[in-house]
Amino acid sequence: MAGPVLEMRSIIKTFPGVTALSDVSLTVRAGEVHAVCGENGAGKSTLMKILSGVHPHGSYEGEVLFRGETCRFKDIGASEKRGIVIIHQELALVPHLSLAENIFLGNEHATRGVISWDRTLRHAAALLRRVGLDEHPQTRVADIGVGKQQLVEIAKALAKEVKLLILDEPTAALNDEDSGKLLDLMEELKGQGITSIIISHKLNEIARVADSVTVLRDGRSIETLDVKAPETTEERIIRGMVGRDLDHRFPARTPHEPERDAAPALEIRDWTVHHPIDRHRKVVDGVSLTVRRGEIVGIAGLMGAGRTELAMSVFGRSYGRYGGGTVLKDGVEIRTRTVPEAVGHGIAYVTEDRKHYGLNLIDTINRNISLGALPKVARRGIVDEHEETRVSEGFRRSMNIKAPTVFEPVGRLSGGNQQKVVLSKWIFAGPDVLILDEPTRGIDVGAKYEIYTVVDRLAAEGKAVLLISSELPELLGMCDRVYTMAAGRLTGEVSRAEATQELLMRHMTKDKQDRKGTKDMREHA
Amino acid sequence: MSTDLTAGTRADGTGKGPSGRPAGTGPGVGRLILDGLRGNMRQYGMLIALGLIVALFAVWTGGDLLLPRNVSNLVLQNSYILILAIGMMIVIISGHIDLSVGSLTAFVGAVAAVLMVEHRMAWPLAVVLVLLLGAVAGAMQGFFIAYLGIPSFIVTLAGMLLFRGLTEIFLKGQTIGPFPEGLQTVSNSFLPAVGPSTDYHNLTLVLGLALMVFVVWQEVRDRRRQREYALDVPPVGLFAAKLGALVATVLVFTLLLASYKGAPVVLLILAVLLAGFGYVMRNAIVGRHVYAIGGNLPAAKLSGVRDRKVTFLVFLNMGVLAALAGLVFAARFNAASPKAGINFELEAIAASFIGGASMSGGVGTVLGAIVGGLVLGVLNNGMNLVGIGTDWQQVIKGLVLLAAVGFDVWNKRKA
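Respectively, the protein sequence lines represent chains A and Z. For what it's worth, our numbering labels the leading residue of the first sequence as 1, then goes sequentially. For what it's worth, our numbering labels the leading residue of the second sequence as 1, then goes sequentially.
Simulated from the structure, these hints should not be mistaken for lab results. Keep in mind that the hints are not guaranteed to be accurate.
List time: in silico BS3-like cross-link candidates among lysine-lysine, alpha-carbon distance up to 27 Å [as the list claims (entries may be wrong)]:
{"no.": "1", "chain 1": "Z", "residue 1": "172", "chain 2": "Z", "residue 2": "301"}
{"no.": "2", "chain 1": "A", "residue 1": "81", "chain 2": "A", "residue 2": "160"}
{"no.": "3", "chain 1": "A", "residue 1": "163", "chain 2": "A", "residue 2": "190"}
{"no.": "4", "chain 1": "Z", "residue 1": "309", "chain 2": "A", "residue 2": "355"}
{"no.": "5", "chain 1": "A", "residue 1": "355", "chain 2": "Z", "residue 2": "339"}
{"no.": "6", "chain 1": "A", "residue 1": "355", "chain 2": "Z", "residue 2": "172"}
{"no.": "7", "chain 1": "Z", "residue 1": "301", "chain 2": "A", "residue 2": "376"}
{"no.": "8", "chain 1": "Z", "residue 1": "172", "chain 2": "A", "residue 2": "376"}
{"no.": "9", "chain 1": "A", "residue 1": "329", "chain 2": "Z", "residue 2": "301"}
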């Protein structure tokens with residue numbers, strides 16, 4: 001095979017307070033399909049943002065060589081000029097413009113500012129044929145499915161005379177058929193001499209299209225494997241992704257021995273959720289699970305597995321369209337169709353996205369903490385500010401929220417302290433069941449430990465905790481049991497004793513075809 | 001960035017917070033004032049600006065601005081805008097806008113005129129009916145916005161056209177008047193004179209004194225509470241200076257009004273509205289919910305706030321206040337005219353933004369709306385007195401609005 005077309009050498013990228021990439025090297029040979037894989041937060045996206053100029057030259061250390069020349073991209077435009085095009089997971093198409101207009105957006109066929117529709121349409125039609133999309137160039141993007149939109153993105157890349165195509169989780173939102181088509185197209189483009197990088201955590205996909213794979217873990221490149229070599233098995237790749245030692249980052253936990261005869265505090269039966277816009281897509285598909293009092297139960301899964309969607313849907317139908325299923329609290333069926341209903345039944349959901357869904361950043365700590373349960377500090381509809389301050393002051397101390405007073409706007413706190421405010425808010429609501437969604441995302445190690453201690457204490461007090469996390473060590477360190485999800489379905493249930501990172505990752509990367517044999521009906525509504 | 005104020009209490013591994021720790025040593029006085037000012041820049045900034053504008057025109061008009069008669073007029077002239085501004089501030093805090101209040105004001109005036117003048121209905125009954133009408137109009141718009149999800153800009157723009165049209169239909173293009181005397185009293189008269197004959201209006205003096213006592217009591221109570229929570233409080237000297245300034249302001253205002261005909265009745269209405277809505281927005285659960293949905297709607301929803309109900313109530317309330325403003329306006333001019341209330345919505349919106357509201361919602365106080373309204377009111381009045389034409393008045397008011405919000409944006413970026 002040919003020599004390297006791209007070399008990224010010892011890339012280091014830090015954000016305030018976080019090191020995203022501590023030492024990453026990536027070598028991609030000309031004409032190959034190169035996969036990059038790793039856990040959520042391993043640094044895949046950051047690396048691609050450096051390559052495409054989103055993080056401009058000078059904001060990182062290390063060297064990027066493309067076709068033998070050093071790259072100093074100052075923005076996306078500069079990298080595209082050289083033929084490097086990235087297609088993000090969230091597609092960058094304008095829904096109300098036509099396919100042709102989208103393909104040439106920012107790259108119009110024009111003479112002195114006036115678009116030549118003739119050339120535009122002809123060229124667009126040719127490009128659509130090339131990606132195998134049988135649609136008229138004047139169709140609106142909004143009128144075609146996600147799978148086809150993905151192809152439009154590729155056509156758009158081809159219009160820019162792409163030399164290196166980067167696809168970030170291209171099949172995450174696609175069904176089997178569309179995924180298959182996309183992978184076929186990648187092979188076809190390879191035949192036309194286009195090099196691609198595919199970010200994916202679906203190992204069967206990597207096995208199918210990729211020539212080599214680079215594994216990232218905790219901001220480092222661990223290894224690059226030849227996918228076609230016989231010794232490169234899925235097990236081998238998984239070991240690279242998770243192979244990390246578990247040090248003492250968790251409070252010592254005495255695993256809970258639940259009384260088996262008592263009904264679980266929370267039981268979800270056969271829960272199904274449809275995508276809010278694409279109603280044929282099941283984002284959560286027939287999930288059943290239980291959490292007992294005093295138990296911490298984890299849900300593991302990669303991006304797009306449907307964990308957050310499951311939790312938010314159960315919590316007052318806050319995501320997507322309900323497609324069936326029941327919720328039981330202490331063995332009794334309850335209604336959770338609105339957030340107040342769910343909260344009324346003693347369920348709390350602590351969001352993964354505290355800035356958008358958890359906090360009113362412009363308001364103070366005490367007002368954020370009390371918002372979930374204002375009646376508790378109010379009499380006849382009037383808030384007792386004295387009581388409110390006393391309560392939040394108590395949380396400031398017990399949760400060790402680092403702020404001068406509880407009258408500080410939460411927007412000024414660090415991520416870890418904001419997370420403690422969100423947790424305080426829901427602990428104050430006094431729930432029996434706490435659903436914690438990525439409770440330690442984006443916060444430093446010290447604050448993580450404090451949050452683990454709090455979670456542990458909640459379980460010891462007899463609350464049922466459902467812990468959604470992308471960090472396998474966190475799940476292994478904290479949970480009594482772990483469920484795994486992939487593509488909207490439950491793919492396994494592992495006890496604390498038998499759980500290993502490798503085992504969880506194997507369940508998490510299972511794709512649909514791996515799971516036939518279980519009582520599995522294929523989707524396609 | 002006040003990170004260095006943060007008490008250094010690192011976790012000691014167990015994650016348990018230190019308890020019974022003495023309050024940290026207070027930072028310097030100057031630092032405290034600066035921080036306090038920065039935190040409340042918008043409020044204090046506008047109060048200071050209001051003071052400066054008053055001083056400017058007081059000098060420019062050779063003292064005419066502060067003649068008792070003129071101060072009294074100022075209150076009467078701006079009362080309806082201030083009533084609207086209170087409601088508008090709440091709408092804007094909730095993250096919405098209401099463009100229909102000017103037309104609704106006119107419509108309510110028209111209906112009131114038809115009921116009282118043409119149908120000879122008893123005025124108290126007509127007032128109740130008309131306030132109900134405002135509630136229904138507000139509720140309708142609130143329903144479309146909250147439950148059908150139509151953007152408030154669109155719904156109230158439609159309302160603006162609709163109510164204006166209905167006003168003209170109702171009045172058949174005519175101006176109807178005069179109103180019964182009872183209603184006129186509410187809008188144009190002053191509190192009754194009681195007690196011994198002095199050079200001042202006694203009741204007004206008593207009310208002013210009561211207000212002074214209340215202000216002092218509340219400030220002292222706040223300060224004591226802050227002490228209880230081991231918060232740093234401003235030093236005694238500074239506190240006394242603040243109290244002195246507040247008392248002096250109330251005193252001057254009281255004396256000015258009392259040396260003319262006393263406090264106008266509408267001033268009392270305004271005071272009740274200010275106190276009532278201020279209290280609700282600050283202390284009632286529903287007020288908190290308004291701030292929450294304006295500050296971060298998804299987070300409020302996930303906290304169990306019934307956002308639709310709150311939005312609905314906010315618009316219903318705006319409707320009632322618009323009706324009240326409509327009555328006050330109609331009674332003041334003793335006629336209902338198809339051209340009433342034009343641009344009132346814009347004045348109320350401008351007052352809210354000058355008074356500290358944020359375009360994205362979640363920020364602002366009822367007091368701020370009043371301050372913003374007064375800034376505009378004093379500008380209007382002062383510019384009239386010195387003989388600046390309405391053409392230039394608009395230019396200047398536009399610049400003031402731009403400067404107030406621009407200053408806020410700049411201040412936020414710096415902080």
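Check your understanding: What are the numbers of the hints that this structure violates, sorted from low to high?
Key -> 1, 5, 6, 8
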